[in-house]
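Undergrad: This is what each chain is made of:
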Amino acid sequence: MSHSEHKDYAGAKLGMWLFLFTEIILFGGLFILYAVYLHRYPREFSSGGHELNVIYGATNTMVLLTSSLMVAMAVTAIQGGRKLLTLRLLVGTILCAAIFMGIKYVEWSAKIHHGIYPGSAKLAAGPPGESIFFGLYYLSTGLHGLHVLIGGSVLAWIGVKVRRGVVTGDDFVLLENGALYWHLVDLIWIFIFPLYYLML
Amino acid sequence: MNPSDNLHPASGSFWNDTGKSGISSWIFSTDHKRIGLLYFWSVLSFFLVAVVLGLLLRIELMAPGRTIMGPETYNALFTVHGAVMVFLFIIPGFPGAFGNLVMPIQIGARDVSFPRLNLFSWWLYMIGAAVIIIALFTGGGPPDTGWTFYVPFSARTGTNVSVAVFGVFIVGFSSIVTGVNFVTTIHRLRAPGMSWDRLPLFVWSLYATAWVQILATPILGITLVLIIAERVLGVGLFDPMKGGDPVMYQHLFWIYSHPAVYIMILPAMGVISEIIPVFSRKPVFGYKMIAFSSIAIAAAGSLVWGHHMFTSGISDRAILIFSFLTFVVAIPSAIKVFNWVSTLYRGSISLEAPMLYALSFILLFSIGGLTGLILGAAATDIHVHDTHFVVGHFHYVIFGGSGFALFGAMHYWLPKFYGRKYAEKPALIAWALLFVGFNITYFSMMVLGMKGMPRRYYDYLPEFAPLNLVSTMGSWILAVGLVLMLVNLIRGLRSGEPVGNNPWGGATLEWTIPSPPPTENFSEEPVVTHGPYDFSKAGKP
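Line by line, the protein sequences are chains R and X. FYI, our numbering numbers position 169 of the first sequence as 169, with every residue one higher than the one before it. FYI, our numbering numbers position 140 of the second sequence as 140, with every residue one higher than the one before it.
FYI, nobody ran anything at the bench for these hints, they're computed from the structure. Because the structure is a prediction, the values reported are computed rather than measured. Even glycine gets a Cβ: it sits at the ideal position worked out from N, Cα and C. Please note that a few of the clues may not be correct.
[To be verified] 30 Å max Cα-Cα, derived DSSO-like pairs, lysine-lysine: (1) X/K537 with X/K288; (2) X/K540 with R/K7; (3) X/K282 with X/K425; (4) X/K20 with R/K7; (5) R/K13 with R/K161; (6) R/K161 with R/K83.
[Stated by the list, open to error] Quick list of simulated restraints, FRET-style, between CB atoms: (7) R/V160 with X/W123: 16 to 24 Å; (8) R/I150 with X/E72: 35 to 43 Å; (9) X/L320 with R/L146: 35 to 43 Å; (10) R/A156 with X/D459: 42 to 50 Å; (11) X/M241 with R/T76: 52 to 60 Å; (12) R/T59 with X/D386: 46 to 54 Å; (13) X/S315 with R/A156: 43 to 51 Å; (14) R/A10 with X/S315: 55 to 63 Å.
[To be verified] Sample of chain X residues with no beta-carbon within 12 Å of chain R, all distances over it, derived: (15) I27; (16) M62; (17) G179; (18) K425; (19) L433.
Chain R extracted, bound-state conformation:
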């Protein structure tokens, strides 16, 4: 058997896709709870949804969609061997991640300032369905925010590898997998946004 390490691109991508399934199922647990409790407390979920700021949510959706576009362009750029463009697009993606987290911070701070956070006295005094709604809101957006941080860090790490010439036009599966992960982060937000901000 040959000793040379030949890279199995299809295998690397298959592994990444399998891992992405596990991430979707992780969030799936929260979506199951959302479905069950929406069925039980439709009115409280509706009033809770109206308290969320659609402007913040919609802006963040645009920011993430833009970042996803940029990371996809980065993959195309590296395939054409355009290293500088790839790096710029990656920096743009990470900037979007930072903007997203900044808006999220403002949004959470405002809510917490109004006494709406898990275990708060205000929620305890209100109807039970409302505290469930906001509990799920904080867990879902919190877990998603954690994934934004992880995804941003992964892309930064890959950016360093691009800069050092480890990830190149001939060997870019790492960037492709990083981009896939970033699309997942985007995808989950695409479900969270309408469920919490728009539908009700």
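Mind docking chain X on chain R? Use the hints.
TA: Using the frame of chain R, we list chain X on its own:
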């Protein structure tokens, strides 16, 4: 044999052909065989710890009232016994240890698809285990919730549940990483000629298991995160005072934890499907159906979690559906049993140690499986729910099934990786002690459960005393058998009789290469020309 012989004598094997030795050549190795052995010895160590806890539990239950420990200690012990056995022993046991050791060789590969990720999964496992151990000795002390961490108790108890649950989360991540690696490996790295219908049945079973690891474990992950959220933030998703529903916790927990039972038993069935044809000198009967039934069990087994919740207040309609689906799982399980028995029929059976474990697997697993139907039928489950009948039942499946299969795998495959073999006679005596001790211990529990003795109770009525005493004595026979088996096995691996390439006359690829194998496994990529149980061509790829 000279007892001073080195642990790894064969030159040119993965023990020494890289020229590296010492601890760092192991704990940072990306060789699937070294990682497999790392997993094996770590998993075995945790098994022995949990065995000791189990023996202590049996001593406590030997007589009514206090025997050797107080009720709080008892609660902590059965929790830690269960959690360690499930999360640190039997779930990682097959894929991590024997999957890593054998699977890449059986498909004719040099290693798994992602060797570094493979090492990472072992590290995650050890870090998770370390966190769990830290949880036992810090904070409010070891968890006392039972391994199921049911709310509302797990959200309120003062014991160190959050840290322990975080440790289990990390171990779960390790299991996912192994699953992803194995599915990719089996798809991508099969040698030329290794078509899906020539895949050894152990590989088929690992393939089905890996899918369960991928698709079910994330649900455990989020459930454990939610327990921590309940405890730390007081979110109230499972707290009726805040509008939550504790039954939702049970749903989420069992959506993972029932399929997890198949992570424990499917690869065990794969081991049995390897051992039975080799020791019957006969091609396996119904190859395609055994392979297919692994997938069927994994699929159907993912839809039956509700049978753990018949007394939780779920609707009668839900009970009916879950009960029906539970009975459906019995079909592919029975297909396997009938196929193994048909393989034995008119075979040239040789009763060596691996075969004895395989044969006892068929008996014990059948008892465990059939008593499972008593629990799967709602009408009978209501009566025996949360009794010692359940404890007896799942020990028949998981210990009598998976445990005995693991012991069989140890006798069957470890000589391949050490190049030396245990002594046959003590192995037979150890098996007999294990078999007798096992049945005394756990059959008594099933009878006790039928009579109405609850599980997880510290004290019991005097009429349960005689059978509890019998069960405890059985556990001592079991323990003696276990010690004898391990001593004989380890002594054999250190200084036993050297074995050749193919000590059992198997026809799968691992028997075509030297024992122990070289780091590269195959000197040149094998081209597979026959099926895994075509014994006329044994020893050739």
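Undergrad: Each hint should be assessed against the structure and marked as holding or not.
TA: Results for each hint:
Straight-line distance between C-alpha atoms of X/K537 and X/K288 comes to about 20 Å, which keeps the hinted pair within the 30 Å bound. Between X/K540 and R/K7 the CA atoms are separated by roughly 29 Å; this keeps the pair inside 30 Å, and the hint holds. Restraint check: the Cα-Cα separation between X/K282 and X/K425 comes to about 25 Å, which is no more than 30 Å; the hinted pair holds. Our distance criterion of 30 Å between C-alpha atoms is met by X/K20 and R/K7, whose separation comes to about 25 Å.
A threshold of 30 Å between alpha carbons decides the hint, and for R/K13 with R/K161 the separation of about 18 Å falls inside it, so the pair holds. Annotation: proposed proximity of R/K161 to R/K83 holds, straight-line Cα distance about 11 Å (limit 30 Å). Distance hint for R/V160 and X/W123: a CB-CB separation of about 23 Å, consistent with the stated range 16 to 24 Å. Here the CB-CB span from R/I150 to X/E72 is close to 39 Å, well matched to the stated 35 to 43 Å.
Distance hint check: the CB atoms of X/L320 and R/L146 are about 40 Å apart, consistent with the given range 35 to 43 Å. The beta-carbon spacing between R/A156 and X/D459, approximately 59 Å, falls outside the hinted interval of 42 to 50 Å. Distance hint check: the CB atoms of X/M241 and R/T76 are about 54 Å apart, consistent with the given range 52 to 60 Å. Evaluation of the 46 to 54 Å hint for R/T59 and X/D386 yields a pass: the beta carbon distance comes to about 52 Å.
Checked against the hint of 43 to 51 Å, the pair X/S315 and R/A156 passes, with Cβ atoms roughly 50 Å apart. Distance hint check for R/A10 and X/S315: the Cβ-Cβ separation is about 46 Å, which falls outside the suggested range of 55 to 63 Å. Separation of X/I27 from chain R is adequate, the least Cβ-Cβ distance of about 22 Å exceeding the 12 Å criterion. Its beta-carbon lying about 41 Å from the closest one in chain R, X/M62 satisfies the requirement of being farther than 12 Å from that chain.
Interface exclusion of X/G179 from chain R breaks down, the closest Cβ pair being 8 Å apart, not more than 12 Å. For X/K425, the shortest C-beta to C-beta distance to chain R comes to about 40 Å, beyond the 12 Å cut-off, and the non-interface label holds. Every Cβ of chain R is farther than 12 Å from the Cβ of X/L433; the closest lies at roughly 42 Å, confirming the non-interface assignment.
In this structure, the earlier hints numbered 10, 14 and 17 are contradicted, and the remaining ones agree with it.
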